[in-house]
Every structure is written in C-alpha cells, then in structure tokens.
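From first to last, the protein sequence lines stand for chains A and B. Numbered per my numbering, the first sequence spans residues 1 to 77. Numbered per my numbering, the second sequence spans residues 1 to 141.
The set of hints was computed from the structure by calculation and includes no laboratory data. Hints are all accurate, no fakes.
As a list, the in silico DSS-like pairs of lysine-lysine whose alpha-carbon atoms are at most 27 Å apart: (1) B/K32 to B/K93; (2) B/K6 to B/K54; (3) B/K53 to A/K43; (4) A/K43 to B/K6; (5) B/K53 to B/K6.
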Amino acid sequence: MKANELTNAIRRLRFEHGEMTQQALAQRVGVTRQTIIAIEAGKYAPSLPLAFRIARVFDRPIEEVFHLDGSDTERDT
Amino acid sequence: MSLEQKQSWFILGAFALGLICFVALIPVVGVKIAQAGWGAFGLGGLAPAVFRKKRNSAEVFMDERDRMIAQRASLAGFAAAYAVVFVAWGVIKLWAQAHGENRIDVDAIGFILLYMMIAVFTVRAITLLAMYGREPAHESE
Numbered sequence: 001m002k003a004n005e006l007t008n009a010i011r012r013l014r015f016e017h018g019e020m021t022q023q024a025l026a027q028r029v030g031v032t033r034q035t036i037i038a039i040e041a042g043k044y045a046p047s048l049p050l051a052f053r054i055a056r057v058f059d060r061p062i063e064e065v066f067h068l069d070g071s072d073t074e075r076d077t
Numbered sequence: 001m002s003l004e005q006k007q008s009w010f011i012l013g014a015f016a017l018g019l020i021c022f023v024a025l026i027p028v029v030g031v032k033i034a035q036a037g038w039g040a041f042g043l044g045g046l047a048p049a050v051f052r053k054k055r056n057s058a059e060v061f062m063d064e065r066d067r068m069i070a071q072r073a074s075l076a077g078f079a080a081a082y083a084v085v086f087v088a089w090g091v092i093k094l095w096a097q098a099h100g101e102n103r104i105d106v107d108a109i110g111f112i113l114l115y116m117m118i119a120v121f122t123v124r125a126i127t128l129l130a131m132y133g134r135e136p137a138h139e140s141e
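Only chain A is shown next, with the shape it has when bound in the complex:
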C-alpha cells in the first residue's frame, strides 16, 4: 500500500445500511455514481466537505469511514 493512501469503509457501511446502492448514496451526498465508485475503489480522494457528507449519511464519525494509511483506526480494505 502506498504511503498516505486514503482507504475507506463505504462499501461495508452501505451494506450495513440496508444494502444501500451506490446510486442512492450518490444522490444523498450530491455527486455522481461514478464518483462513489471511484472513492470506494480508492481512485479518488473526496474533498473534506464531501467526506463529511458521506460520514453523515452513515451517521458515523469521519474517521470511521475514511482511514489514512499509517493511522491506527480499523481498515476495511
């Protein structure tokens, strides 16, 4: 894994929230489905406001959704 790579638990959280689709999440946070796909795959690091909006959808603190490589929080990927 590359240093300072941003990983996330979005996929797991979507399934824990009634198998929420990528499209549904995208609509909730105001982005395209392709952006959610890119974020889940680690191809795109979202802006801080978008990261907060995603965390708010899952009602979790942002650090439970996004993890920076080297941090000691639980990883999902």
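Starting from the known structure of chain A, arrange chain B on it as the hints suggest.
Quick look at chain B alone, frame taken from chain A:
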C-alpha cells in the same frame, strides 16, 4: 458516461472528420489549401449543444471529481497549445533562416493558430477520456 465524456468523444469524432477531409483534399488542391478540410473540426463546437443536461432533471451531472478532471484536462490542452505555438514558431524561423528568407508567409500565423486550437481541444478530450478510463466503470452495486 458523463456529459464531459460524451462531449469529448464528439470532439474526437470532429477531429477525425477534419483529418479525413484534410487528407482527402491534399491530392486535389495541395497541402496548403487542403487545410480548409480542418473546417469540419468546427463541428466539435456543437458538443455542448448536442450533449447537455436535461431540463428539470434532479440527477447530478457534474460534481467535484468531474470538475477536477475537466480542470486537469484543460490544463493539458493548453500546455499542448503552448508547445505547438512556440515549437512551430521556432521551426518556421529556423526554416526561414536556413532558406535565406527575410519574410515569413502570413498564412503561417493562421496555420499556427489553427493547429493551436486543434491541440487545445483534441488533447483536452483525449486527456479527459484517459482520466475517466483509469477508473472501474462497471463496479457492482
């Protein structure tokens, strides 16, 4: 496929059409006048009119990632144009110097502008499609 991707494919189609017209005209009218074939590339300017956001649609058509990709692609396009202008200018000056010409054909300026614009839009479109292409497009729900 995003609006920007559709518009980029449309612009590349216009580029291909312009190139075909240009090459097809060369045997008929010569290289200099065949440049008129690039006029077909102008059809690419219709891309925003052909592919546009549907009225009253709640769907998000462009978000922060799309804007980031568009910005980087535009930068690549302008960088290509920058290179075209200065390299072409240098080549023309050296060619004129080597052939003992004190003057440069005024059409050369037009050609530089023409190829600069072609470089901007073509490189922007290719870069944009390449950036979108790096991502998994058909991930499961």
